[in-house]
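Could you build the full structure based on these sequences and the hints that come with them?
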Amino acid sequence: MEEIEKLKIENEQLKKVNKNKSDIISITAHQLRTSLSALKWILKMFIDKDVGSLSTEQNELIEKAYNGNERMLVLVNDLLTLSHAEDVSISYNFQSVDILHLLEQVLFDFYGETNKKRIELIFLKPDEDIPLVKCDEEMIRVVVQNLIENSIKYSDKGGKVFVTLVEKNNSIEISVRDNGIGIEDSDKDNIFKKFFRAKNAVEKDNIGSGLGLFTTKDILEKHGGKIWFENKDDKGTTFTFMLPINQTL
Amino acid sequence: MKKVLIIEDDSFLQGLEAGKLKRSGFDIITASSGEEAMKKIHEPSIDIVLLDLMLPDLDGFDILKAIKSTEGMKNTPVIVFSNLSEEEAIKRSKELGALDFMVKSNFTLDELVKRINEILK
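Protein sequences, first through last, are from chains A and B. With the first letter of the first sequence counted as 1, position 236 gets the number 235 in numbering that gives the first Met the number 0; the numbers rise by one all the way through. With the first letter of the second sequence counted as 1, position 75 gets the number 74 in numbering that gives the first Met the number 0; the numbers rise by one all the way through.
The set of hints was computed from the structure by calculation and includes no laboratory data. A hint or two may mislead.
Just the calculated beta-carbon pair ranges, DEER-fashion [claimed, not checked]:
| hint | chain 1 | residue 1 | chain 2 | residue 2 | range |
| --- | --- | --- | --- | --- | --- |
| 1 | A | S34 | B | D99 | 22 to 30 Å |
| 2 | A | E103 | B | K2 | 32 to 40 Å |
| 3 | A | S34 | B | K21 | 40 to 48 Å |
| 4 | A | K167 | B | I118 | 38 to 46 Å |
Here the structure is a predicted model, which means the values were calculated and not measured. Virtual Cβ for every residue (Gly too), placed ideally from N, Cα, C.
Shown next as structure tokens:
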């Protein structure tokens, strides 16, 4: 009994330490974002000639600075998401979630971005009713957002991204398929590693932290789920993840 | 001329936001603290409010509640413009009546102006 009490106290202490860490990261991220926002807005004013014209060389340098700043913002955002994903792992908020509704919401939120890039985001809804799934809604939202965001980012203008949802063996499977740049064979083993970015991904879009897929996999594993991908013969990638319907972790 | 109330404690960001909105043809009033915001929300003819959540004295959510219970302001659109991005903050803002939640670092000021114009159209 004494051992159990001791473990309980230690567990509470760890939770407190974790909460403090989480608060520090959240405040730091907020402060960093504030400075980076100011920089972003000022640099964009130069790029848009709001404050007068620049020479071609000056403009190129300002654009480089703008992109560098965007990279910093992505890194801060991704570190914040990862930190949050790791923090809440002690007490994931498992609830019965309507996954179909969640997917519809996430897809709706991408409307502006897909419109801008002229990418068609298509949800192939299931014919059958999908049962409620025991999961942390906020974290699964991050997973879906990450996958769709990647598909959009690594697709050309006019590309198509398909999202599907099916029920299979007491679990659900969600796939995000694109006709983008695909994943090179040499990168297959590294794609879910922390901070890894494939060469063709960097060439396509140099703004990225290499934390998105790592976080995605981490969240799914903490749900008792898994994620994998397939390259299409011609072009593009399909990421699929599985989540058990009745989470018992 | 449409009037925007900017509630933002960071003077540098406030200056940038106000400058951009002025150049885009808006009339601007500003508040740098929660206390000041509580007074300014009673000014006449405010068309839209840009609200930061982290202020030195009051919580942005309290200001949002006050706006939504102030006669003449109940239907005034509020955009929460913050660098907080937690789902909880977004949800709470929407529940309290904010029309939109924009994470500052995700948008340029041009995009902010565009959104304000869309709302006031």
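Run the structure past the numbered hints and jot down the numbers of the failing ones, going up. 3
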